[in-house]
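Peer 1: What follows is each chain in one-letter form.
There are 2 protein chains.
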Amino acid sequence: MQRYFPILTWSRSYDRDMLGQDLLAALIVTIMLIPQSLAYALLAGLPAEVGLYASIAPLILYAIFGTSRALAVGPVAVASLMTAAAIGKLTAQGTPEYYGAAVALAFLSGLMLLGMGVLRLGFMANFLSHPVISGFITASGLVIAAGQLPQLLGIKASGHNLHEILAEIWAHLGNISFATLALGLPALGFLYWSRGNLKGWLQKRGISGASATILSRAAPIAAITATTLATYLFNLSAAGVPIVGEVPTGLPVPTLPPLDLELWSQIAIPALLISVVGYVETISVAQTLAAKRRQRIDPDQELIALGACNIGSAVSGGFAVTGGFSRSVVNFDAGAQTPAAGAFTAVGMALATLFLTPMLFFLPKATLAATIIVAVLTLVDLGAIKRTFAYSRTDAAAMVATILVTLGVGVEQGILAGVALSLVLHLYRTSRPHVAIVGQVPGTEHFRNIDRHAVITAPGVLTIRVDESLYFPNARFLEDFIQDRVAEDPSVKDLILMFPAVNAVDSSALESLEAINHMLRDSGVTLHLSEVKGPVMDRFRRSPFLSELSGRIFLTQYDAMRALAPELTARTLSACRRDTQRAPEAS
Amino acid sequence: MQRYFPILTWSRSYDRDMLGQDLLAALIVTIMLIPQSLAYALLAGLPAEVGLYASIAPLILYAIFGTSRALAVGPVAVASLMTAAAIGKLTAQGTPEYYGAAVALAFLSGLMLLGMGVLRLGFMANFLSHPVISGFITASGLVIAAGQLPQLLGIKASGHNLHEILAEIWAHLGNISFATLALGLPALGFLYWSRGNLKGWLQKRGISGASATILSRAAPIAAITATTLATYLFNLSAAGVPIVGEVPTGLPVPTLPPLDLELWSQIAIPALLISVVGYVETISVAQTLAAKRRQRIDPDQELIALGACNIGSAVSGGFAVTGGFSRSVVNFDAGAQTPAAGAFTAVGMALATLFLTPMLFFLPKATLAATIIVAVLTLVDLGAIKRTFAYSRTDAAAMVATILVTLGVGVEQGILAGVALSLVLHLYRTSRPHVAIVGQVPGTEHFRNIDRHAVITAPGVLTIRVDESLYFPNARFLEDFIQDRVAEDPSVKDLILMFPAVNAVDSSALESLEAINHMLRDSGVTLHLSEVKGPVMDRFRRSPFLSELSGRIFLTQYDAMRALAPELTARTLSACRRDTQRAPEAS
Numbered sequence: 006m007q008r009y010f011p012i013l014t015w016s017r018s019y020d021r022d023m024l025g026q027d028l029l030a031a032l033i034v035t036i037m038l039i040p041q042s043l044a045y046a047l048l049a050g051l052p053a054e055v056g057l058y059a060s061i062a063p064l065i066l067y068a069i070f071g072t073s074r075a076l077a078v079g080p081v082a083v084a085s086l087m088t089a090a091a092i093g094k095l096t097a098q099g100t101p102e103y104y105g106a107a108v109a110l111a112f113l114s115g116l117m118l119l120g121m122g123v124l125r126l127g128f129m130a131n132f133l134s135h136p137v138i139s140g141f142i143t144a145s146g147l148v149i150a151a152g153q154l155p156q157l158l159g160i161k162a163s164g165h166n167l168h169e170i171l172a173e174i175w176a177h178l179g180n181i182s183f184a185t186l187a188l189g190l191p192a193l194g195f196l197y198w199s200r201g202n203l204k205g206w207l208q209k210r211g212i213s214g215a216s217a218t219i220l221s222r223a224a225p226i227a228a229i230t231a232t233t234l235a236t237y238l239f240n241l242s243a244a245g246v247p248i249v250g251e252v253p254t255g256l257p258v259p260t261l262p263p264l265d266l267e268l269w270s271q272i273a274i275p276a277l278l279i280s281v282v283g284y285v286e287t288i289s290v291a292q293t294l295a296a297k298r299r300q301r302i303d304p305d306q307e308l309i310a311l312g313a314c315n316i317g318s319a320v321s322g323g324f325a326v327t328g329g330f331s332r333s334v335v336n337f338d339a340g341a342q343t344p345a346a347g348a349f350t351a352v353g354m355a356l357a358t359l360f361l362t363p364m365l366f367f368l369p370k371a372t373l374a375a376t377i378i379v380a381v382l383t384l385v386d387l388g389a390i391k392r393t394f395a396y397s398r399t400d401a402a403a404m405v406a407t408i409l410v411t412l413g414v415g416v417e418q419g420i421l422a423g424v425a426l427s428l429v430l431h432l433y434r435t436s437r438p439h440v441a442i443v444g445q446v447p448g449t450e451h452f453r454n455i456d457r458h459a460v461i462t463a464p465g466v467l468t469i470r471v472d473e474s475l476y477f478p479n480a481r482f483l484e485d486f487i488q489d490r491v492a493e494d495p496s497v498k499d500l501i502l503m504f505p506a507v508n509a510v511d512s513s514a515l516e517s518l519e520a521i522n523h524m525l526r527d528s529g530v531t532l533h534l535s536e537v538k539g540p541v542m543d544r545f546r547r548s549p550f551l552s553e554l555s556g557r558i559f560l561t562q563y564d565a566m567r568a569l570a571p572e573l574t575a576r577t578l579s580a581c582r583r584d585t586q587r588a589p590e591a592s
Numbered sequence: 006m007q008r009y010f011p012i013l014t015w016s017r018s019y020d021r022d023m024l025g026q027d028l029l030a031a032l033i034v035t036i037m038l039i040p041q042s043l044a045y046a047l048l049a050g051l052p053a054e055v056g057l058y059a060s061i062a063p064l065i066l067y068a069i070f071g072t073s074r075a076l077a078v079g080p081v082a083v084a085s086l087m088t089a090a091a092i093g094k095l096t097a098q099g100t101p102e103y104y105g106a107a108v109a110l111a112f113l114s115g116l117m118l119l120g121m122g123v124l125r126l127g128f129m130a131n132f133l134s135h136p137v138i139s140g141f142i143t144a145s146g147l148v149i150a151a152g153q154l155p156q157l158l159g160i161k162a163s164g165h166n167l168h169e170i171l172a173e174i175w176a177h178l179g180n181i182s183f184a185t186l187a188l189g190l191p192a193l194g195f196l197y198w199s200r201g202n203l204k205g206w207l208q209k210r211g212i213s214g215a216s217a218t219i220l221s222r223a224a225p226i227a228a229i230t231a232t233t234l235a236t237y238l239f240n241l242s243a244a245g246v247p248i249v250g251e252v253p254t255g256l257p258v259p260t261l262p263p264l265d266l267e268l269w270s271q272i273a274i275p276a277l278l279i280s281v282v283g284y285v286e287t288i289s290v291a292q293t294l295a296a297k298r299r300q301r302i303d304p305d306q307e308l309i310a311l312g313a314c315n316i317g318s319a320v321s322g323g324f325a326v327t328g329g330f331s332r333s334v335v336n337f338d339a340g341a342q343t344p345a346a347g348a349f350t351a352v353g354m355a356l357a358t359l360f361l362t363p364m365l366f367f368l369p370k371a372t373l374a375a376t377i378i379v380a381v382l383t384l385v386d387l388g389a390i391k392r393t394f395a396y397s398r399t400d401a402a403a404m405v406a407t408i409l410v411t412l413g414v415g416v417e418q419g420i421l422a423g424v425a426l427s428l429v430l431h432l433y434r435t436s437r438p439h440v441a442i443v444g445q446v447p448g449t450e451h452f453r454n455i456d457r458h459a460v461i462t463a464p465g466v467l468t469i470r471v472d473e474s475l476y477f478p479n480a481r482f483l484e485d486f487i488q489d490r491v492a493e494d495p496s497v498k499d500l501i502l503m504f505p506a507v508n509a510v511d512s513s514a515l516e517s518l519e520a521i522n523h524m525l526r527d528s529g530v531t532l533h534l535s536e537v538k539g540p541v542m543d544r545f546r547r548s549p550f551l552s553e554l555s556g557r558i559f560l561t562q563y564d565a566m567r568a569l570a571p572e573l574t575a576r577t578l579s580a581c582r583r584d585t586q587r588a589p590e591a592s
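Chains as they are written, first to last, in our numbering: chain A, 6 to 592; chain B, 6 to 592.
Quick caveat, the hints were computed from the structure, so don't treat them as lab data.
This structure is a prediction, so every number in the text was calculated from the model and none was measured.
Incorrect hints may appear among the rest.
Chain copies aren't distinguished; within one or between two, either way the pair holds.
Taking lysine-lysine pairs in the DSSO-like style, the calculated list, with each CA pair at most 30 Å apart, reads [said to hold, decoys possible]:
1) Lys-538 / Lys-498
2) Lys-94 / Lys-498
3) Lys-297 / Lys-94
4) Lys-297 / Lys-498
5) Lys-391 / Lys-209
6) Lys-161 / Lys-204
7) Lys-94 / Lys-391
8) Lys-498 / Lys-391
9) Lys-297 / Lys-204
10) Lys-538 / Lys-391
11) Lys-161 / Lys-297
12) Lys-94 / Lys-161
13) Lys-204 / Lys-538
14) Lys-297 / Lys-391
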């Protein structure tokens with residue numbers, strides 16, 4: 006019960022002290038979340054109020070199901086961009102179909118996350134290697150920032166990749182609205198400056214730490230208030246400044262998303278990609294914050310929580326949500342003690358939905374664009390390319406490919422190309438298991454790589470030590486390796502495969518071992534095994550391999566050599582055993 | 006030079022004895038290949054003579070570029086089915102566009118194989134696990150056999166999966182041509198019987214071994230001759246027996262396939278699948294046969310050879326070719342010594358194209374269908390499901406999924422589903438690296454799993470031994486594992502990661518190690534490393550990880566314990582060193 010409802014673990018010891026800290030954190034996060042929710046809804050191509058809806062139910066559900074004490078869920082930049090890219094292919098922005106499809110996308114994504122959580126499929130997130138996710142987020146940040154430039158310039162654009170957006174800006178350069186720019190540019194400058202400097206500036210003017218924190222987080226609210234007032238007072242809307250306009254007041258009405266199977270099949274892949282990308286982000290943030298207080302999170306339960314959040318978002322008229330990095334850090338820094346802080350934030354967002362929306366009529370879209378640009382620039386980490394290149398060129402290649410495809414083609418293609426390339430590179434790297442031809446260390450029962458140690462081998466007996474588990478990606482290599490060794494040395498009569506580090510042998514590798522056995526028998530060579538682990542042996546017993554094996558199975562390699570080359574072991578054992586007191590080397 | 010032209014290695018020592026054996030093998034293979042080439046061309050939806058064209062140039066090119074002494078290339082059942090499935094989606098059978106697309110498919114497949122060979126990408130074939138390829142071939146055999154039933158019944162059908170074919174047969178049951186059935190059924194029975202029994206029956210009647218072999222291989226020719234004669238004599242074509250009809254005489258005219266980029270992009274995925282499936286088949290056959298004579302084949306050069314064969318097939322008006330299992334075994338058994346046997350077979354096929362085609366006019370298509378059915382039934386291995394299930398249920402699941410999707414949806418979907426499932430299962434199996442918490446074996450410098458051995462641990466020091474290389478599929482597990490251990494034991498002050506078996510650490514795993522380091526620092530735990538291998542250490546030096554590491558790096562685990570828990574090592578070392586003369590255990 007507590008596994009599926011982590012709220013039961015922390016709510017029993019909840020006290021007044023925690024309540025105070027959670028309320029303060031909720032206030033700060035609410036102030037930060039109102040402009041971001043509006044902005045990310047527009048980024049996703051949705052009406053502004055949808056962003057508010059997506060910031061109520063999910064936060065309450067996360068408080069019930071989530072295992073992180075500080076994670077703040079809600080609309081985030083990357084998932085909003087992915088929503089726009091996925092739904093923009095199907096129908097035009099501003100239509101009820103578009104909104105319905107975005108809700109269905111969140112719902113389907115929630116179902117997938119929930120299903121993966123119940124089936125404990127958290128390992129699926131492993132498909133996304135770090136260079137791929139890092140490159141993808143950098144490229145998404147660049148696409149999002151570029152996509153906001155038209156809003157800042159007061160021109161229309163709807164491209165989903167860098168060159169489409171830049172081409173549209175170029176084509177509409179003559180239509181730039183200088184009134185919009187006159188509002189947006191100062192807002193952008195103020196937000197950019199306040200991000201790093203406002204808190205210190207306030208403290209220098211004698212404002213206490215806590216108040217300075219709250220006030221500095223309110224910078225986007227200040228920018229919104231100032232530009233909205235300016236638009237209202239100078240009637241800038243008539244001068245061509247696009248404004249948010251009528252935003253419905255009141256809480257969303259719970260509904261179910263359209264049950265349209267054709268639509269669902271069209272959004273299945275985007276839903277899966279949003280789910281996985283969102284989950285990877287969520288789990289990274291949650292683990293980072295949990296470690297700071299030596300708490301723990303449960304990756305499979307996080308899938309369930311994130312699934313519940315997305316389903317909750319969808320049925321309350323919202324869109325795809327994820328654990329956000331910057332808002333979680335703000336929540337944590339503000340002292341949030343439990344997920345109740347998130348529930349209090351939800352109350353704040355609900356109050357905003359009830360009472361704040363009339364004031365958003367004259368809010369210029371350019372101000373929200375400025376908010377987004379400043380927020381997503383923290384996602385862009387071009388230095389990661391250089392760091393990754395220094396460490397591993399193949400990983401850097403996967404990262405650069407992901408960035409280029411995301412920028413040049415689109416977000417879905419970018420992440421899919423990255424995943425495909427990661428898998429190919431992984432298969433390439435693991436397609437050669439670590440193997441060594443070994444011989445006996447004189448005077449001991451130890452066997453070591455003949456290339457690195459002075460060891461003794463018996464004529465006609467070849468011993469190959471396999472240092473890794475055998476799976477289909479690396480099984481064929483062993484066949485090729487053995488075939489080459491046996492073809493180049495016609496004197497070989499016995500071949501011993503030494504399996505001290507083989508933890509598993511899958512069906513493909515078993516087939517390879519059977520092929521090796523037949524091949525060696527046809528070549529007049531007997532195949533033996535030594536040092537096979539118990540679980541591997543158990544599996545072999547369930548196949549015809551052992552009965553077809555031309556040779557024997559030895560408990561230790563020394564036993565094998567004593568049986569196959571008795572003259573050798575007798576000779577070397579009579580030597581002094583000086584070597585036995587050394588620790589076994591890593592070889 | 007010899008690497009790319011293996012003909013240079015064997016042609017110098019070619020002698021009269023080899024010539025005689027190669028000529029005999031070529032005669033037997035030619036007799037077998039004529040009916041099969043015609044039949045597989047029809048299976049691919051192409052005119053019968055295209056099968057003959059595909060059996061000339063490729064055989065000569067393989068003799069130049071191939072490294073197997075006995076492999077026989079040409080049209081095969083599975084590649085023909087895949088061709089029909091790929092081109093059937095684009096255009097109707099019997100049109101010049103269909104033929105052009107099939108030629109382009111072979112050309113593109115050849116380019117891909119050649120490219121993979123030059124770039125030494127043979128490891129890409131590892132994507133196909135054995136259960137997937139085995140299930141795919143079984144299912145293909147069933148689809149092909151079912152697809153020939155309409156031909157045998159004299160009704161029309163064009164389905165590409167089992168239920169489409171069966172539905173078509175059911176719908177046309179009223180149109181069965183009993184004249185066709187009267188020809189086809191006896192042909193089927195004779196061919197099925199002769200496959201296992203004709204050679205022995207002939208030998209019992211006093212015919213010598215070599216002649217009996219040739220005659221038994223001629224059974225399809227006999228069936229073709231008998232049914233063609235019957236059709237001609239009794240004018241069965243007028244009675245509704247479909248016949249091959251006009252087959253152009255003469256060698257094909259070299260041409261280039263249509264340079265139609267849209268077509269090429271439509272057939273790119275089928276071309277890749279045909280390439281990989283064909284390559285995996287080719288390499289398995291070639292390795293099996295090479296082992297019998299202790300020869301070796303070069304997997305990357307085989308890619309080049311197969312690529313050249315397909316390009317050669319395409320420019321000479323043929324379609325996709327592959328190394329065939331049964332014809333290669335026949336070639337080997339008939340005593341083929343060198344790839345020259347293949348070149349002689351090509352001459353035989355060219356003669357057939359020049360002089361035999363007029364005789365094919367009255368050949369009933371039902372006879373060719375019977376030839377195909379008998380040939381592909383050897384591909385069906387339903388027992389493999391049971392054997393695989395006994396060995397590994399997950400592998401059996403991948404096999405059954407591949408079979409079901411291939412039968413129920415189509416060949417391309419079947420192989421893609423199988424590959425995807427194999428990769429998911431592989432990631433799942435490798436998503437948990439083998440790790441153990443270790444302690445010191447009393448009185449030694451050895452460290453062993455605390456769950457399996459009576460070992461000593463120091464309070465506040467936790468040592469985790471990692472037994473596998475760290476890559477993105479398993480990197481996150483280590484983070485979770487360490488977070489859990491540290492969260493459940495607040496006394497831990499030092500954590501040592503022992504890396505004796507870690508051969509590689511990719512960027513994702515490095516990122517995980519950095520995250521572990523930060524997480525532990527935030528939790529007040531110092532992270533140390535011990536027994537890190539040289540190549541891994543070299544890579545670490547190219548990243549900021551070492552400078553950020555909160556603890557130290559120790560050459561051996563014993564050094565680490567001596568530094569972090571000196572009182573422990575002093576105490577245990579004073580004990581008798583009775584344990585040191587044992588060989589190190591596999592643990």
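Peer 1: All the hints need checking, so say for each whether the structure fits it.
Peer 2: Evaluated hints:
1. Lys-538 / Lys-498: within (25 Å within a copy, 34 Å between copies)
2. Lys-94 / Lys-498: Neither, since 65 Å and 54 Å both go past 30 Å.
3. Lys-297 / Lys-94: neither (42 Å within a copy, 57 Å between copies)
4. Lys-297 / Lys-498: The answer is between: 15 Å across copies meets 30 Å, while 60 Å in one copy does not.
5. Lys-391 / Lys-209: neither (37 Å within a copy, 77 Å between copies)
6. Lys-161 / Lys-204: Neither: 35 Å inside a copy, 80 Å across copies.
7. Lys-94 / Lys-391: Cα proximity of Lys-94 and Lys-391: none, with 34 Å in one copy and 46 Å across.
8. Lys-498 / Lys-391: Classified as neither: same-chain Cα gap 52 Å, cross-chain 34 Å, threshold 30 Å.
9. Lys-297 / Lys-204: Intra 23 Å, inter 79 Å, cutoff 30 Å: intra-copy only.
10. Lys-538 / Lys-391: between (43 Å within a copy, 25 Å between copies)
11. Lys-161 / Lys-297: Intra 44 Å, inter 71 Å, cutoff 30 Å: neither.
12. Lys-94 / Lys-161: within (18 Å within a copy, 40 Å between copies)
13. Lys-204 / Lys-538: neither (61 Å within a copy, 47 Å between copies)
14. Lys-297 / Lys-391: Within. Shortest intra-copy distance 28 Å satisfies the 30 Å Cα cut-off; inter-copy 51 Å does not.
Of the numbered hints stated above, those contradicted by the structure are hints 2, 3, 5, 6, 7, 8, 11, 13, listed in ascending order.
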